[in-house]
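Assembly of the complex is requested from the two constituent chains, each provided in isolation within its own frame, with the hints serving as guidance.
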Amino acid sequence: MKKHTQDIYFTGYVTVLIKGDRPELFFNQLVQEKVLVWDIIKKDYQTCEAKIRKQDISKLRMKRRRTGYKVQFRSKHGFPFLFTSILRKKPLLLGIFISILSIFLLSNTVWKIDIKGVSPELEHQIETQLDEYGVRLGAFKLTLGAPVDIQQRLLQDIPELLWIGVQEKGTTYALEGVPKTIVKEKEQPGPRHLVAKKKGVIVDMFVSEGAPQVGIHDYVEPGDVLVSGLIGKEPPAATEEEETEKPEDTRKQVAATGNVIARTWYNVSVSVPLNETYTVLSGNQETKYAAQFGDNFRVPFWGFGDSGYQDAQEQTSTRYLRFLRWKLPLGVTKTTEYERVSKQVKRTKEEAKAQAVKLAKQDLQLQIGKESDIISQKILHETVENGKVKLILYFQVNEDIATSQPLSQGD
Amino acid sequence: MKKWQQRIGNWFTEHLDMPADVVLELPRITTIGHFHAYIENHRGLILFSDNELRLRLNTGFLLITGESFVLKVMLPEEILLEGKMKEFKFIES
Numbered sequence: 001m002k003k004h005t006q007d008i009y010f011t012g013y014v015t016v017l018i019k020g021d022r023p024e025l026f027f028n029q030l031v032q033e034k035v036l037v038w039d040i041i042k043k044d045y046q047t048c049e050a051k052i053r054k055q056d057i058s059k060l061r062m063k064r065r066r067t068g069y070k071v072q073f074r075s076k077h078g079f080p081f082l083f084t085s086i087l088r089k090k091p092l093l094l095g096i097f098i099s100i101l102s103i104f105l106l107s108n109t110v111w112k113i114d115i116k117g118v119s120p121e122l123e124h125q126i127e128t129q130l131d132e133y134g135v136r137l138g139a140f141k142l143t144l145g146a147p148v149d150i151q152q153r154l155l156q157d158i159p160e161l162l163w164i165g166v167q168e169k170g171t172t173y174a175l176e177g178v179p180k181t182i183v184k185e186k187e188q189p190g191p192r193h194l195v196a197k198k199k200g201v202i203v204d205m206f207v208s209e210g211a212p213q214v215g216i217h218d219y220v221e222p223g224d225v226l227v228s229g230l231i232g233k234e235p236p237a238a239t240e241e242e243e244t245e246k247p248e249d250t251r252k253q254v255a256a257t258g259n260v261i262a263r264t265w266y267n268v269s270v271s272v273p274l275n276e277t278y279t280v281l282s283g284n285q286e287t288k289y290a291a292q293f294g295d296n297f298r299v300p301f302w303g304f305g306d307s308g309y310q311d312a313q314e315q316t317s318t319r320y321l322r323f324l325r326w327k328l329p330l331g332v333t334k335t336t337e338y339e340r341v342s343k344q345v346k347r348t349k350e351e352a353k354a355q356a357v358k359l360a361k362q363d364l365q366l367q368i369g370k371e372s373d374i375i376s377q378k379i380l381h382e383t384v385e386n387g388k389v390k391l392i393l394y395f396q397v398n399e400d401i402a403t404s405q406p407l408s409q410g411d
Numbered sequence: 001m002k003k004w005q006q007r008i009g010n011w012f013t014e015h016l017d018m019p020a021d022v023v024l025e026l027p028r029i030t031t032i033g034h035f036h037a038y039i040e041n042h043r044g045l046i047l048f049s050d051n052e053l054r055l056r057l058n059t060g061f062l063l064i065t066g067e068s069f070v071l072k073v074m075l076p077e078e079i080l081l082e083g084k085m086k087e088f089k090f091i092e093s
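As they're listed, the protein sequences go chains W and E. Residue numbers are given in the working numbering: position 357 of the first sequence equals residue 357, and the series is strictly consecutive. Residue numbers are given in the working numbering: position 71 of the second sequence equals residue 71, and the series is strictly consecutive.
Chain E with its partners taken away, still in its complex shape (with noise of 0.2 Å):
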């Protein structure tokens, strides 16, 4: 069923122009130089420190890491990160 799902959403971003985030329930992440990371469609928070934010998505993890972590705005399905960031990484479960 959701790979079923998964193939239709595909179809759709390809030949209709949809955004992939909405289609397919994907994160979106949009950062600004390295101090802001703004975190959209995510499944949970599951580390947080000075660090290190560690997230959960739809297909894994996305692990962030850095310095003087701040969570400036924290919204069930969207997080505003800030401090200064080195490493942006996806970790497939």
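Same shape as in the complex, but just chain W (with noise of 0.2 Å):
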């Protein structure tokens, strides 16, 4: 028999009381109806208290109408009233609001900034271009860049760093860096010569540990050694003997240490069109919002319209909300149009050659490093074919051409 009341507090039902003459003789009429009646209870001559379900109260009333008695609903239990009862409390639905909401901004928050494999100095460092960016603890991720954005943005912005990985575990960024040179390991090399690296003439030498073995305005051939890694007294015999009579060498193993530098030169051929169409970003730029629902369903709410721009490059960034631990399929898009412009131009000969020249320079500036010095130039030869001015160029360069060579190199 309690089959019937079991699942009765998800259905909901309530307490009546029927007053009238004999009342116990409507719940006759009631059951005959289908009506599920329980709990009776006789109050006094004219009360009867009962229980009834929630989707019978119609039953009950369309009953009552040819009825004399009369029905008081007491109390309600049970699920729906609950949930109604609930829905009428408007503190409780305020602060169940509030609640969800601030379980939300949290999941959103960053809370932890973790940083790995990298000096204190560094780690200062990289946590105060974080903060530059808009990362620090309790900022709302949602307004943040992807993780790769940081990354790219950290790379370029902490030159000391070689590698930084951006992770977001939740709510926590986790941060592994490589710094760039570990200067330790350089500060010890062991005996050594230094040895040309490419033919040139010396034009200027600093030695600070080592024997010089060539003078300014010497030619030397690559391999040949510059400042010798054995110092002392040398025995007369030519350097080839020497090494074949061992006991007899009683000079002291160093590493040489210093700057060569020579005058070396470089023959650069470089062509240059006289006609030339490439593209560019104007530096223009458009920022739209989407709001992000599932993979492929956007809805924009910030920028509308087309932009305008004849050619654009677009780049697309989504970041989704969090709850707790999961990520919702809701986010926000973020969309921006660089435009870009075309851009022709044309050259005199003369232009074009200057253009050449530049390039050339650039480009070997590149090749030997910052330290190096571009001294002269010369243009050995010169064409136009084919719409494009063809140059060979050629230059002359002060540049340290000393590099490390082992001393057990040779035993």
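One should not assume that every hint holds.
[To be verified] Distance ranges between label pairs, derived from CB positions:
(1) E/L75 to W/F323: 43 to 51 Å
(2) E/W11 to W/Q55: 44 to 52 Å
(3) E/L16 to W/R74: 44 to 52 Å
(4) W/F79 to E/L75: 22 to 30 Å
(5) E/N51 to W/R65: 28 to 36 Å
(6) W/F323 to E/N51: 55 to 63 Å
Hints are computed from structural coordinates only; laboratory data are not their basis. Quick caveat: nothing in here was measured; it's all calculated off a predicted structure. Beta carbons are placed, not taken as given, at the ideal position from N, Cα and C, and that holds for glycine.
Now the structure itself:
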């Protein structure tokens, strides 16, 4: 019998009072209508209390109309009533709403920034940079860039970093950095010579350790010893023989250190077209924001309409909202359009030549490094064919040609 | 006609061992101690109060007296009565 009233909590039930002459007879009629009635108590001669299901209330009302009984609803039980009563309690609702909202906000907040693998100074620098990007404790994550962007910006802004991994783990940003140079390793090189790495004429030498083997204005070939790592009195015999007679070699072995600046030569060929078309980003950009639902559906809410750019490069990044540890299928998509402009350049032969020289110089400087100087240049050959100016240039450069070679190599 | 039916019913219960309440449409009353009474096959409630329950049966009335009665379940032909029962009385009409 309990079966009937078992799941009643979920459908809801009410306690009713039936008043009238011999109220129990009213239940006889109700029962005929397949109305489930239970817990009937006779309060007094004219009153009966009973419980009926929520869905039977309308039947009860219908039945009552044709009788002289009076029906009073006493109390409501069960989930549906509870639900409506909760809905009626505004402060409670507000509280629930606020708590969900705060969980939601806190789930989308940066709680921890974890930096690993770098020295404390570099860590501080990274922290400062992150702070500049807005990545700080308590920041709202939706407004921050994607981890990839942060990574790129960090690498750009902190030259000391060789690589940095930025990972977003829930409310934590985990950064793992690799510093570029480990200075300590350089400190104690083994005994070595300094040898030439390319041919040239020595113009300047600065030797802090080791015995110089060449002088200024000497011409050297690649592999020639510039500064020897063996110091001390050298026996009169040639070096080749010296090494074969080991017992006589009393020279001290040191790590030769120094700079040997030599004048070297480069032939560079370069060609520059007279007419050229290329595309550049004009610097104009337009950013739009859209609410993202699921993977594919977007509703724009900031920045409408066409950008009006004839040609544009588009960059899109989507950030999803989080709730506790789950990623919601809701997010914000930021789309940035960069205007692209194609430029046409017409050059005269002279302009093209100047441009070619400039390009060649830039290229060469990149190749030989910042410390080297370009002394002079000369155009060896110039042709104009197929709308292009082709130059062969000759450069004189002062650069450090010393490279180290371990002493033990010969043994 | 009704008499005839009852006679066949009686024969069934005696010779084929079929339950009397089913065949003869008689009430079946199950009680657990003195606090639960389960009445099936009644023909309607006539009177219910704190200390009395009167039901119509096929062949008369059933009168149950006691104290603090509650009708735990009420269905068209079944009633579960809870309380302290003292007397079960069949009244022939």
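Going down the list of hints, with the structure as the test:
1. E/L75 to W/F323: 43 to 51 Å: holds, 48 Å
2. E/W11 to W/Q55: 44 to 52 Å: Taking Cβ atoms as reference, E/W11 and W/Q55 lie about 45 Å apart, which means the hint holds.
3. E/L16 to W/R74: 44 to 52 Å: holds, 50 Å
4. W/F79 to E/L75: 22 to 30 Å: The hinted range 22 to 30 Å holds for W/F79 and E/L75, with Cβ atoms some 24 Å apart.
5. E/N51 to W/R65: 28 to 36 Å: At roughly 32 Å between Cβ atoms, W/R65 and E/N51 fall inside 28 to 36 Å, so the hint holds.
6. W/F323 to E/N51: 55 to 63 Å: holds, 60 Å
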